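Put chain V on the given structure of chain A with help from the hints.
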Amino acid sequence: GAGVSQSPSNKVTEKGKDVELRCDPISGHTALYWYRQSLGQGLEFLIYFQGNSAPDKSGLPSDRFSAERTGGSVSTLTIQRTQQEDSAVYLCASSLDKGTGNTIYFGEGSWLTVV
Amino acid sequence: AQSVTQLGSHVSVSEGALVLLRCNYSSSVPPYLFWYVQYPNQGLQLLLKYTSAATLVKGINGFEAEFKKSETSFHLTKPSAHMSDAAEYFCAVSERTGANNLFFGTGTRLTVIP
Numbered sequence: 003g004a005g006v007s008q009s010p011s012n013k014v015t016e017k018g019k020d021v022e023l024r025c026d027p028i029s030g031h032t033a034l035y036w037y038r039q040s041l042g043q044g045l046e047f048l049i050y051f052q053g054n055s056a057p058d059k060s061g062l063p064s065d066r067f068s069a070e071r072t073g074g075s076v077s078t079l080t081i082q083r084t085q086q087e088d089s090a091v092y093l094c095a096s097s098l099d100k101g102t103g104n105t106i107y108f109g110e111g112s113w114l115t116v117v
Numbered sequence: 006a007q008s009v010t011q012l013g014s015h016v017s018v019s020e021g022a023l024v025l026l027r028c029n030y031s032s033s034v035p036p037y038l039f040w041y042v043q044y045p046n047q048g049l050q051l052l053l054k055y056t057s058a059a060t061l062v063k064g065i066n067g068f069e070a071e072f073k074k075s076e077t078s079f080h081l082t083k084p085s086a087h088m089s090d091a092a093e094y095f096c097a098v099s100e101r102t103g104a105n106n107l108f109f110g111t112g113t114r115l116t117v118i119p
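Residue numbers (my numbering), protein chains in the order written: chain A, 3 to 117; chain V, 6 to 119.
No wet-lab data here; the hints were simulated from the structure.
Here are the computed distance ranges between Cβ atoms for each label pair:
hint, chain 1, residue 1, chain 2, residue 2, range
1, A, Asp99, V, Glu20, 35 to 45 Å
2, A, Gln85, V, Glu69, 40 to 50 Å
3, V, Ala22, A, Asp20, 42 to 52 Å
Looking from chain A toward chain V, a few residues come up when the C-beta cut is under 8 Å (computed):
hint, residue
4, Gly44
5, Leu45
6, Phe47
7, Gly111
For clarity, every value in this text was computed on a predicted model and none was experimentally measured. By construction, the Cβ of each residue, glycine as well, lies at the ideal position given by its N, Cα and C atoms.
The shape of chain A in the complex, shown without the other chains (with noise of 0.2 Å):
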């Protein structure tokens, strides 16, 4: 597609239960991020992809959260046990390679509700 696909568009989960998020970047950009954005929070950074090297899962924020990236493409987040402060929503992004300065693009997100 033309732009960077989330889906769902929007979740509400149990508390204790796992949820999957996918994302389809651009085609053609290499780098793949996820960022949530809380209430109040604003942006926040999870994990970034690139190319064939090793994710920088530095923003995530406990072991629950984990993403990986398959052939270079698509994209899962996934959260283990959910937990009502893990609501937000969380955006995908891709950007052409690590070269810095470079354009990132962004999905209109997923909304995740914890109940």
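Quick look at chain V alone, frame taken from chain A:
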């Protein structure tokens, strides 16, 4: 690590008035700087970015921003606000070397009063 400060979580202006959204960064080496806009229930859209020697950057929708090294600032302006400008605006920085990762400010919500 980079950090960005956006002064004012909420800014209200009258339609037709000047828009000024403030952004300051903390870095000894001038980073790359970006402004993104987020309309309700949408993702982030790039307004403009500073990556080169031109310190005055023009973006979409009539917005522009000026990089001032002496003030470590990158304030966003628009001469005349339009109702459609109502949105949340995020300033972000990335380092000139290393990972192309963005560090965001906490955002400023712009309200335009008719």
